[in-house]
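Model the full assembly from the supplied sequences, consistent with the hints where possible.
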Amino acid sequence: MDRLLQATLAATGGSDAIDYAFAVEYIGPPVTYEIPQAIPIEIERIPVASVVSPAYLSDHMALPVAQPLPSPTILKQPAVTSPTSVIQNHIAAGGELSGEVGSSGVVAFSNELKLSEDFVNERNSTESDLSYDFGLQSSVFEEEEYDEDRDGEFGDQVRQAGASFEGSVETSGAASFGVVSSYQGRNEEYVRMVKKGACFRCLKGNRFTEKEACVVCDAKYCSGCVLRAMGSMPEGRKCVSCIGSSVEESKRERLGKASRILKRLLSSLEVEQVMKAEKYCDANQLRPEDVRVNGKALTHEEIFVLQSCPCPPSRLKPGYYWYDKVSGFWGKIGYKPERIISANLNVGGSIMRNASNGNTGILINGREITKVELQMLKWAGVQCAGSPHFWVNSDGTYQEEGQKNIKGQIWGRARTKLVCSVLSLPFPPKAAKTFGEEVNIMLNRAVLDYIEQRTTQKLLLTGYYGSGSSTLFKQAKFLYKSTPFTEDELQSIKLLIQTNIYRYLGILLEGREQFEEEYLAERRKHQSYLSSSLDEPDSLTPYSISPRLEAFGDWILTAIASGNLEAIFPAAAREYAPLVEELWHTSAIQVTYKRRTELQSLPDVACYFLDRVVEISRVDYEPSKLEILYAEGMSSLNGLACTEFFYPQSDFGESDISDQDTQLRYQLMRLHTEGLGDKLKWVDMFADVQLVVFCIAGSDYADVCETPDGKFANKMMEGAKLFESLVSHPTFHGMDFLLVLNKFDLLDKMVESSQLANCEWFNDFDPVVSRHSGKNSRGANNCATMGQMAFHYIALKFKRLFFSLTRRKLYVALANSLDSDSAGAAFRYAREILKWKEEMPSPDEDTLNTTDMYSTDLGSYSG
Amino acid sequence: MSVAELKERHVTATETVNALRERLTQRRQLLLDTDVSTYARNHGKTAISFSPTDLVCCRTLQGHTGKVYSLDWTQERNRIVSASQDGRFIVWNALTSQKTHATKLPCAYVMTCAFSRSGQSVACGGLDSACSIFNLNSQVDRDGNIPPSRVLTGHKGYVSCCQFVPDQEFHLITSSGDQTCGLWDVTTGQRISVFGGEFPSGHTSDVLSVSVNTSNSNMFVSGSCDATARVWDTRIASRPVRTYYGHTGDVNTVKFFPDGQRFGTGSDDGTCRLFDMKTGHQLQIYSQQYGENDDIPCVKSIAFSISGRLLFAGYSNGDCYVWDTLLAEVVLNLGSLQNSHEGTISCLGLSSDGSALCTGSYDKKLKVSYHFLSSKT
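Each protein sequence line maps, in turn, to chains A and B. For the first sequence, the UniProt record's numbering begins at 1 and goes up steadily by one. For the second sequence, the UniProt record's numbering begins at 1 and goes up steadily by one.
Just so you know, the hints here were simulated from the structure itself, not pulled from any lab data. It cannot be assumed that every hint is accurate.
As the list claims (entries may be wrong) - Listed next, with one range per pair, are the computed distances between beta-carbon atoms:
1) Ser492(A) - Pro166(B): 33 to 39 Å
2) Thr214(B) - Ser267(A): 27 to 33 Å
3) Pro166(B) - Glu487(A): 38 to 44 Å
What the hints assert, rightly or not - In silico BS3-like links for lysine-lysine, alpha-carbon gap of 30 Å or less:
4) Lys104(B) - Lys251(A)
5) Lys7(B) - Lys278(B)
6) Lys104(B) - Lys257(A)
7) Lys67(B) - Lys458(A)
8) Lys251(A) - Lys263(A)
9) Lys417(A) - Lys378(A)
10) Lys594(A) - Lys749(A)
11) Lys7(B) - Lys711(A)
12) Lys263(A) - Lys296(A)
13) Lys45(B) - Lys104(B)
14) Lys721(A) - Lys7(B)
15) Lys336(A) - Lys263(A)
16) Lys477(A) - Lys104(B)
17) Lys721(A) - Lys711(A)
18) Lys7(B) - Lys525(A)
19) Lys278(B) - Lys477(A)
20) Lys104(B) - Lys276(A)
Note that CB positions come from ideal geometry on N, CA and C, so glycine has one too.
Have a look at this one:
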């Protein structure tokens, strides 16, 4: 051991002179890039502060940071609020300033100092990096020239105050009605103090030096300071302290357009990434509540609709707008129409009569039009005598209110457009709709990407092996996707089905051999009893097949055993299809198939596929919906399958569901628990899901499966164990669970033949069975079937388990995943749960409800 | 031979194996007269002094919108790739702190990422049970994402960790939740060998981490949920060279010591351990004292300094300790510094020249700390 340790010691730094080496000295050729310089620093000079949340920062923006200066003697005082001030104070206390401050009273000064020091710590907490550099900068200045130092402090302070001030001026101009202006006006005094054109950070340079401005506060930095002041630019060109705040409206145009200075400083790849982030990041998007359409603030979904429609309003800015849903006219409140956008968008409230402040008495779709519009209508040949009320459709056809017949087309004449352009009125966009859509989808995709992230509700679908969760997933795709599977996916499904046939056949062949052996053994035993002659040919059994087929069977079995089934069969499928069919129809295989309950691994669907083997093996075979649902092992190819969908409109039975709800995207993630290990190491990745849908097959209670340690256990128990470990996992604390009791049809059938109490967990299942039940019509009407009772019982068992673990309520749905209606019902239930969750006032109430639910559940079960 | 007879034999054989293993541990205990720290103290070594200013956080890499799960440095020292729960991997320039590539992954649930030796390609793996290879020079698609140049499929469970073999540009080693490790040829997309799985001597639970020996790239070590670490020879897939017991929780992370003769492990039991390759001995435990009611933080990731004198360990409670490997003392807690991460430190790594440490955390940020004091290098 000692020797060993000596070796370790030698390795970790044998000589004491070089006790340890963390980094080695660089002895290569000179580098071309800039090396970050390490300047010796004193520890107390580094203002270190923790990072604050953006929310806090935005609050902070409104705080008045600087007070007016009463007298030049305490000129230093307001400077305390600048990022450098911690250091400055330090210096000041050190005596450098004492002479100057003297007359104003040192005591008072230091008091102020303490107060504001706390303030500073809060304020600049995100700027540790920045202010650290600043500290160095200002100390250098101090040595050089005191005057400039003072100036600098002001400059910096003004950077904060003045910039916000400028912002407010510009926004109120740009944003038509100042919805945005959350900035407080600042004392103009400070604006004057900024050395015009100087960098806000190093305070050097003049107006001719190239600078980059922050898109939020308009602080300008020279090329040497940009990277330090803006850090890694996760949201584009913003000072570190501005990250998370929304951009100044006047700068929205500039978003995503790189400047020369950036291009010089960074590689093209880096610039590209910064611009991408600037343009598409969440914080830089238009805030929907700032855009009011017909007097109603928009929601995220509405603005998404507005921006992604084929003809969106150009350069959407915060403000008040009116929108005529029928014709697609769009304009600012109180003004004539500005543009014609896509009609029939579900955005904002309903249009007011005085939306465009017209006084002509003529109404178009309930809006009183302006004089200019009237002029246009006259030119277009529309009869406007007697102030009629018109309905104008998106294609330009119009009719009078209360009348059926279409009176004409506004855009019918070519000169109308000419008139419109003269009167600066909008006319329908020329671009053909199909083309326009194409372009817009392209443009908006990235933006949508960010918006979607927020509005997506995530559902995690999982379940024990064989619980039908993958079928449920496929059902979701069929139900809610226009193209459930892509061409590639269909191709792989096809290959999978074709390969599966051989796998099923392999199982059957193995079973056949086994049964044949058993049969022969039986007969031999029988024969020995009877002591009859042994020369009777014993090869003829119900399980024997012809030698040709046997050879084929053997070949399949060896292929499966060697594990290259996937490699051989899809290609050879067509060639062997007739042979397979012949084999399938031989009595031996059919007899074996009749005993399929003894063959654990053979699924019920094998019969369906084997019957169609010739058809399936064709090259141009396309799997039908049912076959895809039946196909096994599809999503087990990869551990995780994701799909995103909307619930279609038709799903909403009641009309009281608000329209915006349809825009909610749902992401269903189907997790394949097999191969994910029993340690659930991956669960913390799903901390952001809203609901866990856990599948369990109702028929599992009579099934056994092999546990990892080689023992056999009841499948229902294993499923429950997985459920328990998921529910009690810390990541899913407080998570809602929906238990889908799958394969109800099987449960219904099996519960008649096999006792539910076969599973030890269910041993107290004792349903009240009416003596007259069965085929009796009265019994069928009044009593629940055995299957339903079993379902209620199992559901109750799980609810109790869930309650004992979490003290909350478990949602349970019944489904048969092969039936699209019941699968759809389960998904709708999931959506309902998510809605309840949103409306749920507090978790405490939830617990209270739970007990109630239990009693009712019990009641329903026993009754 | 009947089934019953076979079963009986199996039981006796298992008993024998267990008895032998027990004897082995006892014998080992007997031989284990000292550990590294005691030995070092007896030889008058003292813990190095390491003040907070010796390691200064210079860059905060912001841009991920989800938990950062994994990071890796390139050989040429200034680029970092990180993979996050937002379903993207980002390549950073550590000097300018800017992004050079950001690509959405086919599967958002990514657990690991790695740079190839040349820095031209990136491998990412996660819950989709596949490892995707991205060539950074390839053309981006319409959405600005790089399409994967190759997808390595074959694992039956999630891909928990991947690392390129240092001296072979196209060989990749992965670890997976299906209890196996795999050696892949990235150019062909074929799996060259599978370590564990069907062979009974492999890991008996999810493999969470791999580390390839830098001095002998045929050797790699894997850490698993079965609380063991195993060293493998890439030429012999059938069985591990040696199995290392000692941890009482899942081994989350393994890392070779720079000299290639030892390796370190970090585990859910809150300890880091140093094992000797040749003898199979556990050389040292690095653990803090915790009270009975304290939640013991899990070790999520570890890294050694160039000389091996320092061990950086990231914990689930947001601590990041710098251990003196010789004296088993914490010389610095990066988590206690004021501008440290706010969440679990999920990954950390040293640049190839050892001058910088990058930490990634659940708080969506990465931080790069530089070591400035040249006197101590």
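These are the hints, each one checked on the structure:
1. Ser492(A) - Pro166(B): 33 to 39 Å: 35 Å, holds
2. Thr214(B) - Ser267(A): 27 to 33 Å: Holds - the Cβ-Cβ distance for Thr214(B) and Ser267(A), about 30 Å, lies within 27 to 33 Å.
3. Pro166(B) - Glu487(A): 38 to 44 Å: 40 Å, holds
4. Lys104(B) - Lys251(A): Distance ~28 Å between Lys104(B) and Lys251(A) Cα, so the pair holds.
5. Lys7(B) - Lys278(B): 35 Å, violated
6. Lys104(B) - Lys257(A): The hint holds at about 22 Å.
7. Lys67(B) - Lys458(A): Holds. Lys67(B) to Lys458(A) sits at ~17 Å (cutoff 30 Å).
8. Lys251(A) - Lys263(A): Measuring from Cα to Cα gives roughly 19 Å; hence the hint holds.
9. Lys417(A) - Lys378(A): Distance ~13 Å between Lys417(A) and Lys378(A) Cα, so the pair holds.
10. Lys594(A) - Lys749(A): 18 Å, holds
11. Lys7(B) - Lys711(A): 13 Å, holds
12. Lys263(A) - Lys296(A): 42 Å, violated
13. Lys45(B) - Lys104(B): 50 Å, violated
14. Lys721(A) - Lys7(B): This hinted pair holds, its Cα atoms lying about 28 Å apart.
15. Lys336(A) - Lys263(A): Between Lys336(A) and Lys263(A) the Cα gap is close to 43 Å, so the pair fails against 30 Å, i.e. violated.
16. Lys477(A) - Lys104(B): 23 Å, holds
17. Lys721(A) - Lys711(A): 15 Å, holds
18. Lys7(B) - Lys525(A): 27 Å, holds
19. Lys278(B) - Lys477(A): The hint is violated at about 54 Å.
20. Lys104(B) - Lys276(A): Given that 30 Å is the threshold and the Cα spacing comes to 13 Å, the pair holds.
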